[in-house]
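Enquirer: Position in the sequence shown (from 1) plus 284 gives the number in the numbering used here.
Hint data in this document are derived by calculation from the structure and do not stem from the laboratory.
Worth double-checking, as some hints may not be accurate.
[To be verified] Each pair of labels, with its calculated beta carbon distance range:
#1 K350 - N453: 53 to 59 Å
#2 Q392 - P445: 32 to 38 Å
#3 F485 - V341: 42 to 48 Å
#4 L305 - Y494: 18 to 24 Å
All residues carry an ideal CB built from backbone N, CA and C; glycine is no exception.
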Amino acid sequence: MKLSNNWVITSMDRSKNIGGLKAKEDIINFLQKKNYYSFEVNPYIPKLRRIIYTKLVLPRMIRGEKIDNAIIQHPISSDMIMEQLIDSLRKNKVKKLVIWIHDIQSLQSTNLETINKEINWFNRADKLIVHNKKMKEWLLEHGCSASMIELKIFDYDNPQPIQRNIEYNKSVCFAGNLIKSEFLSKVDVKTRIDVFGPNMFKKYNDCLKYQGQYSPEELPQHLKQNFGLIWDGPSTRKCEGTFGKYLLFNNPHKTSLYLSTGIPVLIWEKAAMADFIKENNVGVVISNLDDLDDTLDKISDEEYRVLKENSVKLAQKLRDGYFTSLAIQKI
Numbered sequence: 285m286k287l288s289n290n291w292v293i294t295s296m297d298r299s300k301n302i303g304g305l306k307a308k309e310d311i312i313n314f315l316q317k318k319n320y321y322s323f324e325v326n327p328y329i330p331k332l333r334r335i336i337y338t339k340l341v342l343p344r345m346i347r348g349e350k351i352d353n354a355i356i357q358h359p360i361s362s363d364m365i366m367e368q369l370i371d372s373l374r375k376n377k378v379k380k381l382v383i384w385i386h387d388i389q390s391l392q393s394t395n396l397e398t399i400n401k402e403i404n405w406f407n408r409a410d411k412l413i414v415h416n417k418k419m420k421e422w423l424l425e426h427g428c429s430a431s432m433i434e435l436k437i438f439d440y441d442n443p444q445p446i447q448r449n450i451e452y453n454k455s456v457c458f459a460g461n462l463i464k465s466e467f468l469s470k471v472d473v474k475t476r477i478d479v480f481g482p483n484m485f486k487k488y489n490d491c492l493k494y495q496g497q498y499s500p501e502e503l504p505q506h507l508k509q510n511f512g513l514i515w516d517g518p519s520t521r522k523c524e525g526t527f528g529k530y531l532l533f534n535n536p537h538k539t540s541l542y543l544s545t546g547i548p549v550l551i552w553e554k555a556a557m558a559d560f561i562k563e564n565n566v567g568v569v570i571s572n573l574d575d576l577d578d579t580l581d582k583i584s585d586e587e588y589r590v591l592k593e594n595s596v597k598l599a600q601k602l603r604d605g606y607f608t609s610l611a612i613q614k615i
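Generate the whole structure from the sequences, applying the supplied hints.
Expert: Pasting the structure below:
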């Protein structure tokens, strides 16, 4: 018998990028403070053992447990395990089955089978925790009938001191897995952009200064710039392509990295998170990255001071798990 009747169920990803493993680990840590038991599934075993684990071991581990709230962090790195988890939890008469969405494969695919598979999973949940209003609208349009809770922004367990320097020198940073940020190889502005992360391009313009790769816990101490950039895809004119269009619906985890460090953000004006940034006055929306120099020139020292102060206030909320707590209260 477990110590808690509330479970958070996770398949840890092998990737060590900023937005993947870190986001799931943070939710586990915040929920453990709310008396949630962390249950980890393991898809990274040979196929035969995985079948035995999924069909026999996993149901046995869940059977007979008195579970009130079960939160599955989606995606689970195995369709077979995801199906079995939902089946076992339902057969065990869990009071509330919640799916906490990190990524939706359907939003990055036109494959109807992929879309139907994920929507069917979501429809078997009592509650979905979704990123924002735009993601909720997309799910409704594609047949999702589960009740949805809008997270608004991911919290970020940031161990480094909040960056409180308010001197405005028009500096910018960008952090992430750079292999999907093709625009970096094309951006050509006067503004210096400090870049952090794996898979940096071999050729890029002088405005970029590559600063190396750090763990999600260590990275914030190297972010001392005025703004953190949120942009994706192959173009500097707008966010397009698979990764760029995903910004129309998701909450990039780098947003939480920047803001939990106390750094305001620069974000594409059509990104789903742009509304949150404007409502909380913690950044600036931009339509075209080629206009970055002019955008920064138009921001006064006083305007930046206000953005900075708001970001520092929000940083503490993100570190405390404020938005996670709000979502849990609505289950």
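Enquirer: Against this structure, judge whether each hint is valid.
Expert: Now for the hints, and whether the structure bears them out:
In this structure, K350 and N453 meet the distance hint of 53 to 59 Å, their C-beta atoms being roughly 57 Å apart. For the hinted restraint 32 to 38 Å between Q392 and P445, the CB-CB distance of approximately 36 Å keeps it satisfied. For the hinted restraint 42 to 48 Å between F485 and V341, the CB-CB distance of approximately 44 Å keeps it satisfied. Between L305 and Y494 the C-beta distance comes to about 23 Å, which sits within the given range of 18 to 24 Å.
Of the numbered hints given earlier, the model fails none.
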